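Following the hints, complete the assembly by docking chain Y onto the known chain G.
Residue-level listing of the chains:
Number of protein chains: 2
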Amino acid sequence: MKNNSAHRSILIVGSVALDDIDGPFGLHPDLLGGSASFIARAASYFTRDVAVVAVVGDDFPARHLDEMSVLGIDTSGIERKAGETFHWVGKYSADLASRETLDTRLGVFATFQPVLAPRHRKADLVFLGNIHPTIQLDVVEQAERPVLVALDTMNFWISGHRPELLKTLARVNTLLLNDEEARQLAEEHNLCRAAARILKMGPTSVVIKRGDAGALLFYPGGVFGVPALPLEDVRDPTGAGDSFAGGFMGYLAYAGDLEPRTIRTAMIVGSVMASFSVEQFSVDGLRGRSRDDIQARFDRFAELTHFERVTL
Amino acid sequence: MKNNSAHRSILIVGSVALDDIDGPFGLHPDLLGGSASFIARAASYFTRDVAVVAVVGDDFPARHLDEMSVLGIDTSGIERKAGETFHWVGKYSADLASRETLDTRLGVFATFQPVLAPRHRKADLVFLGNIHPTIQLDVVEQAERPVLVALDTMNFWISGHRPELLKTLARVNTLLLNDEEARQLAEEHNLCRAAARILKMGPTSVVIKRGDAGALLFYPGGVFGVPALPLEDVRDPTGAGDSFAGGFMGYLAYAGDLEPRTIRTAMIVGSVMASFSVEQFSVDGLRGRSRDDIQARFDRFAELTHFERVTL
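Quick mapping for you: the protein sequence lines, in order, are chains G and Y.
All residue numbers for the first sequence refer to this note's numbering, where the first residue is 1 and numbers rise by one.
All residue numbers for the second sequence refer to this note's numbering, where the first residue is 1001 and numbers rise by one.
Pulled out of the complex, with its shape left as it was, chain G reads as follows (with noise of 0.2 Å):
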């Protein structure tokens, strides 16, 4: 946010896509959805080097690229294909605790197969959102001189695709996923557990997503939790996870460094942006904060946990 010479680019590829979401708030179709447009809106507030990779249909509203550009983020990689664009459509329940997938039409996202162009190549950090772990890999190849890779990836590809993405894993220094998924991953239930084994894979870190049970991150040497903050007004939690990853990369782009440090900030700046997003519907929450906002949520976050170091 403030200028700083270390300012390092994101790459994200990953889905932008359509979403019908419905449930205690009625019914809200065409809504702008995808893991790239949360993580990508949530990322340009902390490095103006933004750009995302994705594929979109003929039916995308070119209002949502233009909103994106004017973020300045890079949509020069976002190809528009003839066909529909992926579309989700899922159902929370009353409480918003549990939701049930309705339908999912790929569309053009059924054949996306990421070719990046020559600035895109050269990009400090990359974000592989959640697809078949053999393009990520590609992506991977791709990518010239990457300081970070960070990658999500979910259920399907932990079930069916496990060599493809025990190959991929190896490539990637960041690994963000929920914990169930943590726990599917490693074939251990217990999360502290599961987490060693993870850095066995690969990664030299792993952030476990526990939605209002807050994160967790592990790596070598270290352990570091934050709580949820505690929201009066949650309407959508859809894309919660993707702005986590959105403020948790921004603020790696904007400290320049990778230290433990500066990963517990960028743990605590994810959830920031997290807080945000779920308040409202699609990306609306992550709409037009200003410096101060964010600030002031981040102290919140200061103030949820703090306590005294006492001698007892």
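Keep in mind that the hints are not guaranteed to be accurate.
Derived Cβ-Cβ restraints for the label pairs, each shown as a range [to be verified]:
1) 159(G) - 1097(Y): 14 to 22 Å
2) 1204(Y) - 110(G): 50 to 58 Å
3) 220(G) - 1082(Y): 53 to 61 Å
4) 134(G) - 1106(Y): 55 to 63 Å
5) 166(G) - 1027(Y): 34 to 42 Å
Footprint (simulated), chain G over chain Y, 3 or more residues, beta carbon under 8 Å [stated by the list, open to error]:
6) 1213-1223
7) 1262-1269
Below, a list of computed lysine to any residue pairs in the SDA-like style, where the Cα atoms sit at most 25 Å apart [claimed, not checked]:
8) 91(G) - 1190(Y)
9) 1200(Y) - 300(G)
10) 91(G) - 1188(Y)
11) 91(G) - 1189(Y)
12) 1091(Y) - 180(G)
13) 91(G) - 1187(Y)
14) 200(G) - 1233(Y)
15) 1200(Y) - 212(G)
16) 1091(Y) - 193(G)
17) 1200(Y) - 234(G)
18) 1200(Y) - 1183(Y)
19) 200(G) - 1231(Y)
20) 200(G) - 1095(Y)
21) 200(G) - 179(G)
22) 200(G) - 1232(Y)
23) 1091(Y) - 190(G)
24) 91(G) - 1193(Y)
25) 1091(Y) - 1027(Y)
Since the hints were derived computationally from the structure, they do not count as laboratory data.
Small disclaimer: the values here were computed from a predicted structure and weren't measured.
The beta carbon of each residue, even a glycine, is placed where N, CA and C say it ideally should be.
Same frame as chain G, now just chain Y:
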């Protein structure tokens, strides 16, 4: 632990029981259990003035009472009656994430009607374990000048004895309960709003215990959150919440004031004692901890949650 003239006395009214625990580590029969057993033992590390009021049957091994006495716990209020000790039989799932009650034999606990001895009426801090809310209220009325009354309850009383529970809550300073109980009591899923409702029922602070998701403290004008310490070896979650309560109450007695700052630290001390408790069966995880052990684990919580307060 250090000499502190502010040390206050704690009275714990609750269950002293025997548990049969089955699960991935095999059947462990006839373990010392009951809320007061965990609370008193955890609290005894922080003040020498801990008394228990409870009832046991003639099958209760004398060694458990002897052990408590050796720790300085006043067991004169533990009545021994003809009949069976409260006996709980539970089975944990393979991952310890859930449990099933196979049998509950109340025995002499069914007619537990605590009458406080004169010195117990003078306790500074009173902890009311999970018993009928009318009995809890009766104990409150016997206490002469408590600076803090803390209370635990459960779904059974919330759903079946709500009017009595609300009457008791009006006399309570601190309510400790788990997240599902908080939601049930407040008739509100959102924990932030649930806590706000509970704070209107009487308590000036609410502690929401969330197992491996940590704990939250709500008080007027503030909220504090602490993650659970990720542990490699968890053997028996029984008594974790009670060990938390014991550390929490013990630290408040030790610190000698009830400022939000002090209650925050008490949340960490509670988390420390809970983390010890789950590593072994029954109260074994709370046995023989040194001052250095407790300080070291407190420091691990400090390390777990530490991040730099940055200006973005």
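Going through the hints against the structure:
1. 159(G) - 1097(Y): 14 to 22 Å: At roughly 20 Å between Cβ atoms, residue 1097(Y) and residue 159(G) fall inside 14 to 22 Å, so the hint holds.
2. 1204(Y) - 110(G): 50 to 58 Å: Because 57 Å falls inside the window, the suggested range holds.
3. 220(G) - 1082(Y): 53 to 61 Å: Holds, since residue 220(G) and residue 1082(Y) (Cβ atoms, about 59 Å apart) stay within the stated range.
4. 134(G) - 1106(Y): 55 to 63 Å: 60 Å, holds
5. 166(G) - 1027(Y): 34 to 42 Å: Given about 38 Å between the Cβ atoms, the range holds.
6. 1213-1223: With 6 residues closer than 8 Å to chain G, the segment 1213-1223 of chain Y meets the three-residue bar; holds.
7. 1262-1269: holds (count 5)
8. 91(G) - 1190(Y): Roughly 18 Å separates the two Cα atoms, so the pair holds.
9. 1200(Y) - 300(G): 23 Å, holds
10. 91(G) - 1188(Y): 20 Å, holds
11. 91(G) - 1189(Y): It holds: about 17 Å lies between the C-alpha atoms, which stays within 25 Å.
12. 1091(Y) - 180(G): 23 Å, holds
13. 91(G) - 1187(Y): 22 Å, holds
14. 200(G) - 1233(Y): 19 Å, holds
15. 1200(Y) - 212(G): Distance ~24 Å between residue 1200(Y) and residue 212(G) Cα, so the pair holds.
16. 1091(Y) - 193(G): Holds. Residue 1091(Y) to residue 193(G) sits at ~23 Å (cutoff 25 Å).
17. 1200(Y) - 234(G): Status holds; Cα separation ~22 Å.
18. 1200(Y) - 1183(Y): Holds. Residue 1200(Y) to residue 1183(Y) sits at ~14 Å (cutoff 25 Å).
19. 200(G) - 1231(Y): 18 Å, holds
20. 200(G) - 1095(Y): 22 Å, holds
21. 200(G) - 179(G): Holds, at roughly 17 Å.
22. 200(G) - 1232(Y): 16 Å, holds
23. 1091(Y) - 190(G): Distance of about 18 Å is within 25 Å: holds.
24. 91(G) - 1193(Y): 23 Å, holds
25. 1091(Y) - 1027(Y): 9 Å, holds
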